[in-house]
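Student: Add chain G to chain P, keeping to what the hints say.
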Amino acid sequence: MGPTSLTAVLKIARGHVDAMISHARADHPDEACGVIIGAAGSNQPTRLVQMINADRSPTFFRFDPAEQFRLYQEMDANDEEIVVVYHSHTTTEAYPSRTDISLAAEPQAHYVLVSTAESGKQDGPVEVRSYRILDRVVTEEEIEITE
Amino acid sequence: MSIEVRIPTILRTFTGGAKAVHGDGATLLQVIDDVEARHPGLKERLVEEQGLRRFVNVYVNDEDVRFAGGLQAPTADGDVVVVLPAVAGG
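Each protein sequence line maps, in turn, to chains P and G. Mind the numbering: the first sequence is residues 67 to 213 in my numbering, read in order. Mind the numbering: the second sequence is residues 6 to 95 in my numbering, read in order.
The set of hints was computed from the structure by calculation and includes no laboratory data. All values reported here derive from a predicted model rather than from experimental measurement. Just so you know, even glycine gets a beta-carbon here, dropped at the ideal spot from N, CA and C. Among these hints, one or two may not hold up.
Output of the computed footprint for chain P on chain G, the stretches with three or more beta carbons under 8 Å from beta carbons of chain P [as the list claims (entries may be wrong)]: (1) 10-22; (2) 58-65; (3) 88-94.
Taking lysine to any residue and the SDA-like style, the derived pairs with C-alpha atoms no more than 20 Å apart in a straight line are [claimed, not checked]: (4) G:24 with P:141; (5) G:24 with P:140; (6) G:24 with P:104.
Only chain G is shown next, with the shape it has when bound in the complex:
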């Protein structure tokens, strides 16, 4: 398992406290599905019917996936995925 996925504090309840987990996949969605298999509940916090959840930012190798195909953003061995919840409010 060759893609590192860095998990923000608020989602570490799904990873037993781990700051990073590893997965495989050719797209971000595949990686998320792969990680979900070992850490159930995580996907639902990231993905909704229309795609990536609105207040979640995801970067693959420092690039915002919203400019790289969203959940279809390509991923490969050695990539680093960073999940960052938006800081927002009203």
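Bound-form chain P, shown alone:
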């Protein structure tokens, strides 16, 4: 069983993109992480949830298990699923690392990488790219920003 639709594009609201960038800048030099939830099977990112990086590291992230479990209970009750998993890279490019690829466990999700390597916490150039990661294969996709 694979994702219900394999799209080559992530359609996402500008507000969500701005929120991911703000989160990444705020947590720099640690990696920031979070999700955008949507209705199960919809492929539509609807509400963004910042998550604690339990590793608090400039090179790793891990959702706090208790926080992740509460999120899953909420999603289960609301018939929602994770549409976007985002995290930041603080010294490297916005491309999934080997660790990102080996640990990707949400086959329906769009994996968004934000890189704050260039500007850190400051306003300035920031990289935002999106990928599908399925069976350890990375496929980059377009980001279509909806207003």
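Tutor: Just chain G, lined up with the frame of chain P:
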């Protein structure tokens, strides 16, 4: 078979797409072994030599088994086991 085991999307290839399967056992490990008998390959994704795999979280009735004995966490009729792969990376 009286213990419900909820399976995350990524492991449903082992259950023919089922979101939940049922099993029996007095400990989490026994339940996993029981489920494995009908869904081969699942155990290897959850368990390694030292115990529960590092990036897999398991809850029995909403309690993280890492605080309840890990694979020896007690299980009983009517319990709900939830398997949640960690979301992590670098």
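Student: Work down the list of hints and note, for each, if the structure agrees.
Tutor: Verification of the supplied hints:
1. Proximity of the region 10-22 of chain G to chain P, defined as three or more residues with a beta carbon under 8 Å from a beta carbon of that chain, is established by the 6 residues found.
2. Note: the region 58-65 of chain G has 3 residues with beta-carbon separation from chain P under 8 Å; the three-residue rule is met and the coverage holds.
3. Given a C-beta distance limit of less than 8 Å, the hint that chain P covers the region 88-94 of chain G holds, as 6 residues qualify and 3 suffice.
4. At most 20 Å may separate the alpha-carbon atoms for a hinted pair to count; residue 24 of chain G and residue 141 of chain P meet this at roughly 14 Å.
5. Among the hinted pairs, residue 24 of chain G with residue 140 of chain P is consistent with the structure: their alpha-carbon atoms are about 17 Å apart, no more than 20 Å.
6. Between the alpha carbons of residue 24 of chain G and residue 104 of chain P the distance comes to roughly 19 Å, so the proposed pair stays at or under 20 Å and holds.
Checked against the numbered hints given earlier, this structure breaks none of them.
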